[in-house]
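The sequence shown begins at 323 in this note's numbering and counts up one residue at a time.
Because the hints were derived from the structure by calculation, they are not lab data. Beta carbons are placed, not taken as given, at the ideal position from N, Cα and C, and that holds for glycine. Heads up, some of the hints might be wrong.
Stated by the list, open to error - Cβ pair distances, simulated, as ranges: (1) D337 <-> R413: 24 to 32 Å; (2) Q572 <-> A417: 54 to 62 Å; (3) W405 <-> R547: 51 to 59 Å; (4) K464 <-> P486: 21 to 29 Å; (5) R381 <-> L334: 37 to 45 Å.
Claimed, not checked - Pairs of lysine to aspartate or glutamate, EDC-like flavour, derived with a Cα cap of 16 Å: (6) K516 <-> E535; (7) K464 <-> E629; (8) K468 <-> E392.
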Amino acid sequence: MKPSPSRMKCQLPSDRPLRFLITRTDRIGDLVLSTPVFAAVRRQWPDAWIAALTFTENRQILEGNPHLDEVILYDKTGAERSWLGNGIFARMLAAKKFDAVIHLHATNRMHLVTWLAGIPVRVGWDRRLPWALTHVLPYVKKEGKKHEAAYNFDLLQFFDIAMPAKLETFFPVTERWTLSLEELLQQMGVPNDKPWIVLSPGASDPAKVWAAEGFAGVAEALARRYDAVFLAIGARQDRSFVQALCRRAQVPIFDLSGRLSLGMLGALFQRSVLLISNDSGPVHVAQAVGAPVLSVFVRTQPGLNPERWKPIGANGAFVVQSSGGNTSDDASVLNAASDLLASRLKEPVKR
323 MKPSPSRMKC QLPSDRPLRF LITRTDRIGD LVLSTPVFAA VRRQWPDAWI
373 AALTFTENRQ ILEGNPHLDE VILYDKTGAE RSWLGNGIFA RMLAAKKFDA
423 VIHLHATNRM HLVTWLAGIP VRVGWDRRLP WALTHVLPYV KKEGKKHEAA
473 YNFDLLQFFD IAMPAKLETF FPVTERWTLS LEELLQQMGV PNDKPWIVLS
523 PGASDPAKVW AAEGFAGVAE ALARRYDAVF LAIGARQDRS FVQALCRRAQ
573 VPIFDLSGRL SLGMLGALFQ RSVLLISNDS GPVHVAQAVG APVLSVFVRT
623 QPGLNPERWK PIGANGAFVV QSSGGNTSDD ASVLNAASDL LASRLKEPVK
673 R
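Construct all of the structure, not just a fragment, from the sequences and the given hints.
This is how it looks when you write it as structure tokens:
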């Protein structure tokens, strides 16, 4: 009996350097967690041309990645919104003559345009137009039995690429964005001679949000121990969460919501001693640049659980909480935050 086509190893040209396309049209954290795949493909084929395809708004996550030769941008709300736009996009991909595409996130659009582009090997999950793929795996990520970054490597089995013992993500921090951050914080009067503790009280899904009272209580407790500066971040749509935190906290908090580019966000985390955040994209950006991270989980259902979405770095931790925020919640988050701060601030500087 022949093996199922979905389980067969990919057949690739051996007489020339390969051309790979890796797609992740998804949210910020998901894309950051995909960066170990770029490194693994590069190790397997040092001479290959490797391109990554993502949403236009995520370009700063990939530009400057040392394992990529090209970043291709997809504008879902602009040029690629219409069927005609997708047809033009598929023709552009076809002209690049990729040998294989790996879809780390299953979407109808990506499966369709790469099928239309005629890319010979198309690898992905058995979800959303799987007929447009040549090699598929059952969609098991919803079970949440391992980390998202590890699930990405399941797809690489078709290329005989094993997951490394240590998964390391990458986020570029450039001089340009560092200087932009410094200019903004100087204008806002943020002290530069004290440790920065960053709070991220929003999330793309309101069901992932821990109460503003909880964040405020932790900030107040940390302020009693450390002479630190507190900064709150969020996208424009998170501004209400940040404003609620600033109103409730009895300590000064600088409101950076809607004022940071992704590049500036990475620069901020690189300079900070701790990020306390809901389960959201900033967790993985901070982890990638080496900042201590505490992720607060409100949802624990399979596929949404910490096992799949927790920080993967050595300086990462998570706490599971109820959505309401109460004294016991504050205590467990505070204890975890204090443990992480101990690696950066050996002794409290405020008594």
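Hint check results:
1. The hinted range of 24 to 32 Å is satisfied by D337 and R413, whose Cβ atoms lie roughly 26 Å apart.
2. The hint said 54 to 62 Å for the Cβ distance between Q572 and A417, and at roughly 60 Å that hint holds.
3. Between W405 and R547 the C-beta distance comes to about 58 Å, which sits within the given range of 51 to 59 Å.
4. Our hint of 21 to 29 Å for K464 and P486 holds, since their Cβ atoms are close to 25 Å apart.
5. Range check, R381 to L334: Cβ separation about 28 Å, and the 37 to 45 Å hint is violated.
6. Only pairs whose Cα atoms come within 16 Å are accepted, and K516 paired with E535 is rejected, the gap being roughly 25 Å.
7. About 12 Å separates the Cα atoms of K464 and E629, which keeps this hinted pair within 16 Å; it holds.
8. A threshold of 16 Å between alpha carbons decides the hint, and for K468 with E392 the separation of about 30 Å lies outside it, so the pair is violated.
In terms of the numbered hints stated before, the structure departs from hints 5, 6, 8, listed from lowest to highest.
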